[in-house]
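These are the residues of each chain, in order.
2 protein chains.
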Amino acid sequence: MQLPVRSRLLLLLLLLLLRASGLRAGERSSSAMEEITTEKEAEESHRQDSVSLLTFILLLTLTILTIWLFKHRRVRFLHETGLAMIYGLIVGVILRYGSPSSSGHDKPFSCSQEDRPFTTLLINVSGKFFEYTLKGEISPGKIHNVEQNDMLRKVTFDPEVFFNILLPPIIFHAGYSLKKRHFFRNLGSILAYAFLGTAVSCFIIGNLMYGVVKLMKLVGQLSHKFYYTDCLLFGAVISATDPVTVLAIFNELHADVDLYALLFGESVLNDAVAIVLSSSIVAYQPTGENTHAFDAAAFFKSVGVFLGIFSGSFMMGAVTGVVTALVTKFTKLHCFPLLETALFFLMSWSTFLLAEACGFTGVVAVLFCGITQAHYTYNNLSVESRSRTKQLFEVLHFLAENFIFSYMGLALFTFQKHVFSPIFIIGAFIAIFLGRAAHIYPLSFFLNLGRRHKISWNFQHMMMFSGLRGAMAFALAIRDTATYSHQMMFSTTLLIVFFTVWIIGGGTTPMLSWLNIRVGDHAPSVEEINESRWLYFRVGVDPDQDPPPSNDSFQVLQGDGPDSERGNRTKQESAWLFRLWYSFDHNYLKPILTHSGPPLTTTLPSCCGLLARCLTTPQVYDNQEQLREEDSDFILNDGDLTLTYGDMTITANGSSGSRTATTSLDGRKTKSSSEEALEHELGMGDHEVTSRGTRLVFPLEDNA
Amino acid sequence: MQLPVRSRLLLLLLLLLLRASGLRAGERSSSAMEEITTEKEAEESHRQDSVSLLTFILLLTLTILTIWLFKHRRVRFLHETGLAMIYGLIVGVILRYGSPSSSGHDKPFSCSQEDRPFTTLLINVSGKFFEYTLKGEISPGKIHNVEQNDMLRKVTFDPEVFFNILLPPIIFHAGYSLKKRHFFRNLGSILAYAFLGTAVSCFIIGNLMYGVVKLMKLVGQLSHKFYYTDCLLFGAVISATDPVTVLAIFNELHADVDLYALLFGESVLNDAVAIVLSSSIVAYQPTGENTHAFDAAAFFKSVGVFLGIFSGSFMMGAVTGVVTALVTKFTKLHCFPLLETALFFLMSWSTFLLAEACGFTGVVAVLFCGITQAHYTYNNLSVESRSRTKQLFEVLHFLAENFIFSYMGLALFTFQKHVFSPIFIIGAFIAIFLGRAAHIYPLSFFLNLGRRHKISWNFQHMMMFSGLRGAMAFALAIRDTATYSHQMMFSTTLLIVFFTVWIIGGGTTPMLSWLNIRVGDHAPSVEEINESRWLYFRVGVDPDQDPPPSNDSFQVLQGDGPDSERGNRTKQESAWLFRLWYSFDHNYLKPILTHSGPPLTTTLPSCCGLLARCLTTPQVYDNQEQLREEDSDFILNDGDLTLTYGDMTITANGSSGSRTATTSLDGRKTKSSSEEALEHELGMGDHEVTSRGTRLVFPLEDNA
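Heads up: the protein sequence lines correspond to chains L and C, in order. Using the working numbering, read the first sequence as starting at 1 and increasing by one per residue. Using the working numbering, read the second sequence as starting at 1 and increasing by one per residue.
Some hints here could point you the wrong way.
Which copy? The list can't say, so a pair holds if one copy fits it or any two copies do.
[Stated by the list, open to error] Dumping the calculated BS3-like pairs for lysine-lysine here, alpha-carbon to alpha-carbon at most 27 Å:
hint	residue 1	residue 2
1	K329	K454
2	K214	K329
3	K390	K71
4	K417	K154
5	K40	K301
6	K417	K40
7	K180	K417
8	K329	K590
9	K217	K71
10	K417	K390
11	K590	K332
12	K154	K214
13	K214	K71
14	K180	K390
15	K329	K71
16	K390	K332
17	K217	K454
18	K214	K225
19	K590	K225
20	K590	K179
21	K217	K301
22	K225	K390
23	K332	K217
Just so you know, the hints here were simulated from the structure itself, not pulled from any lab data.
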């Protein structure tokens, strides 16, 4: 019911006159008019929001249907994330060149204001007051862009959406679905790659890019400012690897579990490191005129910021995980899976908010929360809650990840401020290649000095190859695109992600065979997987905890050097630090936080007897051996345990999922020690005694 | 790093001078200063958002833990929603009286502007441009409230959050978890209560409230405008019942399934009716000066709006459900539960967005989408996907519902514009009591003329009693609180919700016994429920589809009048319209959308043979009897089927979950007709032949 402008003006005039005379009816109709106008605008805006979200849902639906088709036909050259990007690209093209340009709704209005901008403004429109909130700053050169394509604007999200809504489920799921055994076994290497490696990579890429920038200035390709800190920031952003495609293929083909653990562990942790590193670089603010000279005080402040944020976020995540573990341990919530699942979800979400409220990084906190929950809380949940929580976060992760990758494809066309510079792009590709090489090979060399089970050259080449970039790099790059340099960095990051996901991701399977990396002898069909999942589910063993046994049994049968050495790995390999941590975890943390043994009443000194009794639940005495078994996957009997204490080579027998060992292990309760448990986990765990067909396992070892 | 005001002004002055002289360094530092200032404000705002969300998470966590405690001790006088409200109240008190008042951040700035308000503003602050977006209108008298308690503002949500984020999962879950059999059996009555009843209730309450308003004006209690349309709007808003507490208790105590179905069905549908009714009343805009006189044209336009929005939303929901059913039928997605669940979720969400984008009501659309999905798509999902989707929406529903109820408690103290008027409040209570009476009793009388199985007086009293208000009434009331009248309506609605949920909800159990409404002979313990769920799950029968058999078997054994009549209900009770719908659904819709029989190749005329062959999947021939069985819950054998065609009284035998009937029913394939299936569902379904202990079921009936 919009009247033409002239009538509206007349009405306003009438309004002013009527106001003066105090007649209410007229006031009502004109205010009604403006109400309608405002309402229609709000409605229109709401409708556009719905349409833009619908676009994404369409993208995701197409992606899902195509993924199904690919899985159906065992297509492996294109992973779901690459697919989502392609669809995003297509829709981006349609939106960019298909939809009408300026619709004239958003005309900028200039109103001068001294002092600083306020968060809230009240604008007086003919006597009615309207409230406006601060959205952000627009650089002067881009004002005309405000009058831009409505549709493109609507599908452009505030970058904080990624950090507040989309990344947390992805990162939490990565932590929660960790393959714990292999992760902790390679913990030292993973930490080295993640921390040292990312720092090295950042530094090298940053310096190389600074050289490239200098070159660009030399040939006159660059007219804007591009500081050294910007290059370092680019280095940090682009160091966040995300080998989703590679890991998915590894999973499907049952490639080497240690390689999987190294890559996976490195990728989740270096995401965390990259975020905090980029925050510290941004926080680098030297005093004085030249804001980009080296200032030792500011440098150490940045280092302090890094350590502070990282450890603070770590503490937040761990604390929430611990609280959830205690709550699920001391209440009978497991009788009510719905309540338990809801509580689990809320506590995990609260980690994020708590970290953000305290000024730390929410995403890093949820990572460590996920790891803690997987390590402690998971054991306290009921069987149904375990599957519910896994499924809940799995579906959230799936949707969020494909959403981000679709958005990446879309952003190539909808982002209005791209800056593509060929020299910079080529330089960036070279830099990340060199950075990855400088990260992987030297570190592997040093790690191999300490590892018993060396990281072979093939593995190193594979890791070198698997430096895909993805969601985290994108989110970090899009976070701040205010300046020319940042826009160039964002555009380059986008291209790098496209290239690595499509080309390198697509080349994973050929590369695996070229490098002769062993894969499982057969990839089980989907029905087999589903059926086996049912089997495991019924007998209470979770196949998702660790890779399925067929892989390990196949490997053990290989019989060549590295495998037979594994049995010797127990004592020598495990670094002192790890063994220290393990004994602390096994003797104190797990008994406090879960129902596992050994009971605190035996391990704590007598002065803490009361505390020990409070914290020990009756289930401990039943579960003591059960938990250890679950950690080591399948059954082990007396014979296996004595293996490390004698020269006997025995034939292990058993069938998947049998629980007969429980009784036979009772007699060993008195001998339980963390040493034994450690060997149990590290050494024995390898020799899973599943028999498929007529294969038997012959563990060979001696106590050196 | 915030400098004091004087230094900032000096800096700005310096800035202006430096700008004039063109020195970049100064510009960088002062722009850095403003950047920091803006960033700090944004950071502070983000932190406050996190803290406010954390408050809600704390509320929900407390609620969950207390719910567990209550369930543990079988406390029934306080349901989880009432509990959530109490915690919300407590936190509201703390926030209102505990936190500091104005923090001075949000100072309003007045800038005059002619013409209409724009959606986007560009404000020029010393040469830098900042973008502001329109938030909403502030009434002149409340300007000073903008400078209000920051904390209270942060925990106050935009009312659209309820309609866009919180209500859809609740309403979808209501539709998706419908107890189909009893719902469709009482469909006519449910539709009558929902549509006619809500309209009657709205009209009566509206008129009564108008009288109250007149009274208030008379005694000088009311100085603002309060129109007739406002009263009608109040009537529509407050007619949305939400007997969550009552239904939960019914469920737990296994009260009469028909009563449950009537109450539940009425509540979900009258939510939908209330939303659309309130939208139509708001859309009532007569031409001319007096905007609140009766204008026939405007009236019919409102009726048209109602019908248009309702049917449009219905179509949207049904279409999306149908599309999902077809997709899940013709792809092998059921091999991949994750993909299937994700697709299901996306399609259901898209219903909402599609409806909103087209100008209909998203919440109504998701209701019908949920019903359609439950009726068709559910049958196509794999077993794992069925449980995954149910669990996913169950947890979303749980969280959203308790969130809203917590917010209600909070809103009593955080909402800044309450208007409590004793006369209005008392009048409202009387009006809703009378409105409910005028809604239930006359309608039941008329319905009983057509029903075979009358709605007894006790049932009517119980339904009268169960008029609780909840989330929908609250959301509709809070949607628009701009004017004095609407604020009074909102405050009154809040009090009504408190009263009905706490007092009436708490009195449900005593009322059930006072009215002698039969309940199940024992409420199974949680372990029993879990165990039985496992049992059903293994053999593929979903207990959540319909109430557990113990209830029905108990009732059949009652042997008094109404029950034995049930067997006669088959032919006479089912209204002609329902039978028509049923045969259409059974013969055409279900075969098209699911794998159920009869095969389209037999039911469609030969001209559509090609189409029929395309739409018929091979599974149809296997599933033909299986689906019918699932609908009717447990097994039936030949003897039961012949029951309706003879005078034989036979002993039905069988055990829960057995599938032996499949083979015995084969011989009956040739006789399958919709009539038979109908009787099967309506009549035979009652006589579930479960035997618990030594109880046997003796169905008595004759073909009158």
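Status of the hints after comparison with the structure:
1. K329 <-> K454: neither (40 Å within a copy, 51 Å between copies)
2. K214 <-> K329: Answer is neither: 59 Å inside a copy and 60 Å across each miss the 27 Å cutoff.
3. K390 <-> K71: both (22 Å within a copy, 25 Å between copies)
4. K417 <-> K154: Result: close within a single copy only, 16 Å intra versus 33 Å inter.
5. K40 <-> K301: Between copies only: 18 Å across chains, 51 Å inside a chain, cut-off 27 Å.
6. K417 <-> K40: between (30 Å within a copy, 25 Å between copies)
7. K180 <-> K417: Answer is neither; intra-copy 43 Å and inter-copy 54 Å both fail.
8. K329 <-> K590: within (11 Å within a copy, 47 Å between copies)
9. K217 <-> K71: neither (49 Å within a copy, 71 Å between copies)
10. K417 <-> K390: Cα proximity of K417 and K390: none, with 40 Å in one copy and 44 Å across.
11. K590 <-> K332: within (18 Å within a copy, 43 Å between copies)
12. K154 <-> K214: neither (37 Å within a copy, 47 Å between copies)
13. K214 <-> K71: neither (47 Å within a copy, 69 Å between copies)
14. K180 <-> K390: Close inside one copy (15 Å), not across copies (30 Å); limit 27 Å.
15. K329 <-> K71: between (40 Å within a copy, 18 Å between copies)
16. K390 <-> K332: Close inside one copy (20 Å) and across copies (23 Å); limit 27 Å.
17. K217 <-> K454: neither (45 Å within a copy, 89 Å between copies)
18. K214 <-> K225: Within. Shortest intra-copy distance 11 Å satisfies the 27 Å Cα cut-off; inter-copy 71 Å does not.
19. K590 <-> K225: neither (54 Å within a copy, 66 Å between copies)
20. K590 <-> K179: within (18 Å within a copy, 44 Å between copies)
21. K217 <-> K301: neither (31 Å within a copy, 68 Å between copies)
22. K225 <-> K390: Neither: 47 Å inside a chain and 55 Å across chains, both beyond 27 Å.
23. K332 <-> K217: neither (67 Å within a copy, 57 Å between copies)
Hints 1, 2, 7, 9, 10, 12, 13, 17, 19, 21, 22, 23 from the earlier list are contradicted by this structure; the remaining hints agree with it.
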